[in-house]
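Listed here are the chains, written in short residue letters.
There are 6 protein chains.
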Amino acid sequence: MSFQYIEPSGLIDRRGGADRMDWKVSQWISPWDGKEEMEAGIVGVPLSRSSISPSAASEAPDAIRSSWRSFTPYDADHDVDLSPMRVRDVGNIRMHTTDIPRCHQNILRGMGELYERTAVYPRFLPLIVGGDHSITSPSVQAFARHHAGKAIGLIQFDTHFDVRNLEDGGPSNGTPIRGLLESGVVQGGHVFQIGIHSFANVLAYRDYVKEQGITFYTMHQVRKEGLSRILSDVLHTLNRSVDLIYVTVDLDVLDLASLPGSPGPSPGGMVSWELFEAVYRLGKEEKVRALDLVCLDPFRDVGMLSVKTAAHVLLSFLSGYKVRLDGGK
Amino acid sequence: MSFQYIEPSGLIDRRGGADRMDWKVSQWISPWDGKEEMEAGIVGVPLSRSSISPSAASEAPDAIRSSWRSFTPYDADHDVDLSPMRVRDVGNIRMHTTDIPRCHQNILRGMGELYERTAVYPRFLPLIVGGDHSITSPSVQAFARHHAGKAIGLIQFDTHFDVRNLEDGGPSNGTPIRGLLESGVVQGGHVFQIGIHSFANVLAYRDYVKEQGITFYTMHQVRKEGLSRILSDVLHTLNRSVDLIYVTVDLDVLDLASLPGSPGPSPGGMVSWELFEAVYRLGKEEKVRALDLVCLDPFRDVGMLSVKTAAHVLLSFLSGYKVRLDGGK
Amino acid sequence: MSFQYIEPSGLIDRRGGADRMDWKVSQWISPWDGKEEMEAGIVGVPLSRSSISPSAASEAPDAIRSSWRSFTPYDADHDVDLSPMRVRDVGNIRMHTTDIPRCHQNILRGMGELYERTAVYPRFLPLIVGGDHSITSPSVQAFARHHAGKAIGLIQFDTHFDVRNLEDGGPSNGTPIRGLLESGVVQGGHVFQIGIHSFANVLAYRDYVKEQGITFYTMHQVRKEGLSRILSDVLHTLNRSVDLIYVTVDLDVLDLASLPGSPGPSPGGMVSWELFEAVYRLGKEEKVRALDLVCLDPFRDVGMLSVKTAAHVLLSFLSGYKVRLDGGK
Amino acid sequence: MSFQYIEPSGLIDRRGGADRMDWKVSQWISPWDGKEEMEAGIVGVPLSRSSISPSAASEAPDAIRSSWRSFTPYDADHDVDLSPMRVRDVGNIRMHTTDIPRCHQNILRGMGELYERTAVYPRFLPLIVGGDHSITSPSVQAFARHHAGKAIGLIQFDTHFDVRNLEDGGPSNGTPIRGLLESGVVQGGHVFQIGIHSFANVLAYRDYVKEQGITFYTMHQVRKEGLSRILSDVLHTLNRSVDLIYVTVDLDVLDLASLPGSPGPSPGGMVSWELFEAVYRLGKEEKVRALDLVCLDPFRDVGMLSVKTAAHVLLSFLSGYKVRLDGGK
Amino acid sequence: MSFQYIEPSGLIDRRGGADRMDWKVSQWISPWDGKEEMEAGIVGVPLSRSSISPSAASEAPDAIRSSWRSFTPYDADHDVDLSPMRVRDVGNIRMHTTDIPRCHQNILRGMGELYERTAVYPRFLPLIVGGDHSITSPSVQAFARHHAGKAIGLIQFDTHFDVRNLEDGGPSNGTPIRGLLESGVVQGGHVFQIGIHSFANVLAYRDYVKEQGITFYTMHQVRKEGLSRILSDVLHTLNRSVDLIYVTVDLDVLDLASLPGSPGPSPGGMVSWELFEAVYRLGKEEKVRALDLVCLDPFRDVGMLSVKTAAHVLLSFLSGYKVRLDGGK
Amino acid sequence: MSFQYIEPSGLIDRRGGADRMDWKVSQWISPWDGKEEMEAGIVGVPLSRSSISPSAASEAPDAIRSSWRSFTPYDADHDVDLSPMRVRDVGNIRMHTTDIPRCHQNILRGMGELYERTAVYPRFLPLIVGGDHSITSPSVQAFARHHAGKAIGLIQFDTHFDVRNLEDGGPSNGTPIRGLLESGVVQGGHVFQIGIHSFANVLAYRDYVKEQGITFYTMHQVRKEGLSRILSDVLHTLNRSVDLIYVTVDLDVLDLASLPGSPGPSPGGMVSWELFEAVYRLGKEEKVRALDLVCLDPFRDVGMLSVKTAAHVLLSFLSGYKVRLDGGK
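Residue numbers (this note's numbering), protein chains in the order written: chain A, 1 to 329; chain B, 1001 to 1329; chain C, 2001 to 2329; chain D, 3001 to 3329; chain E, 4001 to 4329; chain F, 5001 to 5329.
None of these hints come from the bench; they were simulated from the model.
Please read these numbers as outputs of a predicted model, since none were measured by experiment.
Keep in mind that the hints are not guaranteed to be accurate.
Here are the computed lysine-lysine pairs in the DSSO-like style, where the Cα-Cα straight-line distance is at most 30 Å [stated by the list, open to error]:
1) D/Lys3024 / E/Lys4224
2) D/Lys3284 / E/Lys4035
3) C/Lys2284 / D/Lys3284
4) B/Lys1035 / C/Lys2224
5) E/Lys4035 / C/Lys2224
6) D/Lys3024 / C/Lys2224
7) D/Lys3287 / E/Lys4224
Computed list of chain C residues with no C-beta within reach of chain E, every gap over 12 Å [claimed, not checked]:
8) Trp2028
9) Glu2037
10) Ser2070
11) Ala2151
12) His2160
13) Gln2187
14) Arg2223
15) Gly2226
16) Lys2287
17) Asp2301
18) Arg2324
Glycine is no exception: its CB is placed at the ideal position from the N, C-alpha and C atoms.
Kindly produce the complete structure, drawing on both the sequences and the hints.
Listed below in structure tokens is the structure:
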């Protein structure tokens, strides 16, 4: 963010005494010029006026961008260096100030355009940063349209079922899964929800979820069986039943102490490193072709805790993806 | 809290675009009218001027009440719907502004009146929300008087022994267990303390606790043996030696990162979901007949982290209790 | 908020050692039953998804309600006791989760119903609590419809002109005045804006405001000439040119240090007591018949500073109104 | 606070690169050894469990002590160097954990002992740091006993009248003036209250204040007439009617934006520098012989804003007192 | 900060539903390309490891840059539109991580280069954003070298004298004025300090300041005489005695309630709008040729209060400068 | 901190109603008088201007000192009473305001003096409280000089490798290990780093670390293998290859949710109680002869979470050391 002009003497420039070998994500993920081939592109979807409770998730894409300078591209935990991968910042989908249906249309069409433009890049994969969870409905629709004829699986990390009826409040952050089921974009049997938690959902929607054939895992199950084993089961099933997988991460799946910056999280939620390991693993999965990250509200954050956690989720996923690209592990 | 009047058109009312199937704890736990039969009643005890260090725990009952709208009555983790259970808000015990002994008398007598009034409800169980830990002494006394002739067991989640001598400072949040032992209301052999932690207690009181025959488990033991196994041991013993069990939860047993809103918590404490599981299990136990929750100081909270955690403790206990009422699991 | 049930002994009740003569606004402003005559009614309009920048102003009505217990109804500064005046809480206008135009329609119709229902009360006056500033457009329209044939004057306390074009973003908190001018509900010559501040507006809209014949006073003028004298000029003009006056207070007119809880305020703004004195005076004015208060975002507040300041604005206005009712001063 | 041991080489010591001419209040105000003559002594009274609403004012004395290192003893505004004056820290009055009446007794007796011990110092003056406002009642009583036979005047900076009845809640921070009137220690005609503010008092107590002959000035009067002129009037009257003046400063007289750290302040209160100038002037007054400062709650502070403001009040008073000692201005 | 790529459809771009006439400072102040003529250039000096107390003032330049999107370039208070003026962001002076003398050398040389490069622009004026106050010493030296042979006047807004001796701690934020006097760059008689405040300075340095012939005005004088009249006096003298004026603004001159984000501010300081008016006026002065702004610590800020206040200072100065360029007022 | 003078009556003193058996660390760890034999001494090193990113770690020693009153000396978790051990506060190493190399020299020489002075105490062990991590380089050098001829092992808890090159920025908190390797004070084969985490290091330095023969364990390994087993491996190796072990704890090894108060921590880090157990165990190790604790920035803390966690680390280490002194376990 600092800037650009460098005097011949080098006395005026943008770095403040930095180390020549130091290398930040902010230096690595540069804006996309609309032409360069890329393996992954970050797309911001700054919509949160569709949130049931007040949310500044519209500020999440810029908050995450500004956090890049706190991270390096080397994943010491898995010994993966992201640097050689071309990850670019595609920018934000344009939103309207007061017309929420038009915002959702823009997501559908904007993502569609992006898929078209990047269709020539053999291994392109989008990282979509919300916004609230309402964006997942048009985002998955655009994904499904682009991959027409393919069966789409959905892996959802979430405290909530997100299957509220659409009649009462329209498409909000409480309805994305319902919207996708009702429009036939995904089938209930291809939806796997992980992290569903107590006192955050109503029985009526648990019933709906069951009727639709959705498989869900509560936090209690995550504690008892381990997220790793649950993921194995999910992937085992999905890899046999669908062609492509879309991963949607509602950050409220995390424990409130680790993620204060969201309208939704509750005490007793998932621990950060469990989620990091999970998305790292999903990054390695061949059929996983898109990830979105929603409901990060930077205005509710404490320090930069939630924003950095969200950024770490994206990087962990990219780390797994890098392993996949390298044909490895 | 919003309100009441509804125009015939429905345009003016208290809900803001809510979903018709959505159902919050704030809609479920209504005030008690003094007559309706209930399975559980929430009683506030807004006393914290008896706290050794400054505490706004007197504000905890109202803080928890205002958090009900953030929770639903369905416990997805254990697949228990609380809605059919009649849980009512009995109100607060009246406190005096400057006369602490009179406050403790009011608790003793107020709880006594409540036990009398509710004696006709076969399965009534009180959830007492402090206030600081000094309230546990008169509260258990009222419980013991009501159940005269029965041996009372005490399960205490706490970082501290709470057995300070009564001569130096009178009955404060550092003395409740001492008060109960000295008055003969409970015997040391029937007291089980879980979560005792390093650098939060003095040796002299460890000695006292041992002399009195109290059994205690440190956080180190909780880490090593697991809370589940410890609880099994405690219940195995208590179920054979006492008639009724009173559970007292000092929230400072939780890790400081998960519960900033208390004068007492320290780093390295219990994790939220461990406590949730523990009280859920205790809710199922036939002999458990009362629970109190103390030392939540909403003024020290970070966001709503501590208040929501406290509310989750109450709901988790109710969830176990619902299973008990259903004769189940 | 605490509650209701009182044991015969009085030991369980809702007051915590209070003084019998103490008397809070929370005890004075009770919910309206739909029938009782009232001199003033508080209406919440919990809409802020129409805000350009993220805003939790939808939470303002409940935040102000919960602050009533921090205030008494006696205005010592002006020696006015509000207690005898019947001020009631009418509740909130019902909002839709995602359909902003329908929300604005609900305001128009809901306020219309309220004006009809209260038409029989000779001196009824509404205090409308937003929400963001977009609510002022339908609110003034309902006011104008109810007082059809009367010329309406508008006194606006605001850092901004609020005359953005409606084509680009639809009716948001940046457009209310434009909306009212374009729909012919008020004339530019009857609009007076006080507190317009540097680096918060663009030249293009200053030009529009001038073309429309709006009179505006910058903070620089407020400092130089004094708010009292400016108000005298405004009232002198308006009292001769209009029949009724609607006052709209955008809290961002206040200095950022006094009002952190709003998306809009800037350093160098109005000081709290200047605004209190101004609305007190407007309360006394015979032609002033409605007041709204907008853009209070409780999520951005520091402590309760902004919420209490907003509540004080409402009470100060009521204080002036009480003097008017008493035919006084 | 750092410490003491200095190696011969000077490499280990308590200063971190400080300037040899720099000189902090923490180096100037040292603990009293019980013998040294002093012109002023700071006494902490760490009692706030007598506060109506929860308060950590008991932590104020230590908070102010720890802020001394942020201040120097030179008052550039009035060109007064406090350094030559012997101001010592006398320590805290011992409080009881749960027996509030005994705390008040300790204040009465402890201050009595201090007055006796310091009676030999011709110009000794105490600066009493609360604690909540309940401490003023025993403190003024001790003052009056020590100066038996002298008429005592009281100048009170406060948002509230503090004359609640003593029957309902006993001696709390809402009752100190009532307590002093009822016990005949001061007469109503000798009490002057400055800063009384709207929506913070009830009419019934305004009536009581008037009946007792107390003179009060509202914030509205402070704004209109200026604090300087009001003080002149007060001093003109008091200097003719009493022998000695006790000044009590309830920090809630200040605007909430300038003093968040108190249970009581409201928007529209006094500005910091008005209060600084006022106490500076009172420091110069021959008859002023004691000052207390109450209701600073460091737990509600934002940064160190309130604590530093409170410390500045004490230093400003000492600055005026230094001028008095120098026989000057 | 958002970004760049725009799909032909316009669906992906950097604006989120903005108004076409809306125009932010972030869109107006663009990076300098090293060639374009400019009237003013913003230079960041991210050095604060030279601060006596810990400071993150090194983050101030980027914090102010990120706040530009909250401001428009139209100064409604003075009816000045800044848009036509070419103000560019020159970037940051390069700092060293641990070598403070080299940092100061870089400032001296870097500013020297900038003055050389911009010497061809007839009316170029730098706005230097620190960093802590130590940067003013090399910055004024570079200014003086560039304008060799000219008498330089210094107008300093500050709570402190900043004339600590250089022997004890080297050149820190407590020494800049001393450094300039001792090196003969400016004469004491040409230095004017405004806002010097009580309990923030020691007597020894007051004496030094007097010996050097510096003129200083305390906050008490600012309150009594008004900042406007003081500035008139200062300018009257300086305009006759020097050729050029350098303005240095230490933000700690502001009241702690208005500027929490600095290591230095104290209660009772200057009010924001007083400072805005003062720098606006100085912007208009023909001899004023540089301004620096120091000691803004974004890590201590509350919300964005201090950062926005600092940005407003810069914009207010530019507003006066625009009037000067227009030959006006 | 409160103070000292006690009236014969005991009414004025430093304790506020405390319990006679209560006993705080603040009463136990008293200042060293320069003569008394001690088993452990706490040394503050208030240097953080050498930190790459802004840091107030210079305030950490005093922050930890002020937290002692929140802890008791009894470790209930391990049943160890620290009271009999003589632990003293040696004070701070003197720092220079702007000369960082001199600060490092002072550490080298100051620690050298301390080792000389305490050489007569057979079991003396220093606890060094930074400051940022740059202090470890001179501190280990002083340790090595004092123990000349002995092979020194280093156990480092850290998120980062801390082996940046020294050419680009000089000795900062990013270079201590590099400095020690390059100066030959320790050999790479004797350095063990635990807690290295993803996206916090660059590949180039991972390569350097490997070349130097350093052994490192990532957080991923800590999760998979357990810290206990890793420590066993490290100690098994070190106990056979070196004579003495120096432990350095960079608090940023902890999870950001548990330790907000540091410039470095990231999400997914170590949990507090893992670190407590680890240092407890190291305290018991015969060859461990010094510990430092760095990069605690109290200005970034949330409440006292980080400061209390840091204090708990020191106490846990002392607890293990007490067991060693007792020849036990």
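Evaluation of the provided hints:
{"no.": "1", "hint": "D/Lys3024 / E/Lys4224", "verdict": "holds (28 Å)"}
{"no.": "2", "hint": "D/Lys3284 / E/Lys4035", "verdict": "violated (63 Å)"}
{"no.": "3", "hint": "C/Lys2284 / D/Lys3284", "verdict": "violated (43 Å)"}
{"no.": "4", "hint": "B/Lys1035 / C/Lys2224", "verdict": "violated (65 Å)"}
{"no.": "5", "hint": "E/Lys4035 / C/Lys2224", "verdict": "violated (42 Å)"}
{"no.": "6", "hint": "D/Lys3024 / C/Lys2224", "verdict": "violated (40 Å)"}
{"no.": "7", "hint": "D/Lys3287 / E/Lys4224", "verdict": "holds (27 Å)"}
{"no.": "8", "hint": "Trp2028", "verdict": "holds (31 Å)"}
{"no.": "9", "hint": "Glu2037", "verdict": "holds (43 Å)"}
{"no.": "10", "hint": "Ser2070", "verdict": "holds (20 Å)"}
{"no.": "11", "hint": "Ala2151", "verdict": "holds (28 Å)"}
{"no.": "12", "hint": "His2160", "verdict": "violated (9 Å)"}
{"no.": "13", "hint": "Gln2187", "verdict": "holds (22 Å)"}
{"no.": "14", "hint": "Arg2223", "verdict": "violated (6 Å)"}
{"no.": "15", "hint": "Gly2226", "verdict": "holds (14 Å)"}
{"no.": "16", "hint": "Lys2287", "verdict": "holds (28 Å)"}
{"no.": "17", "hint": "Asp2301", "verdict": "violated (9 Å)"}
{"no.": "18", "hint": "Arg2324", "verdict": "holds (33 Å)"}
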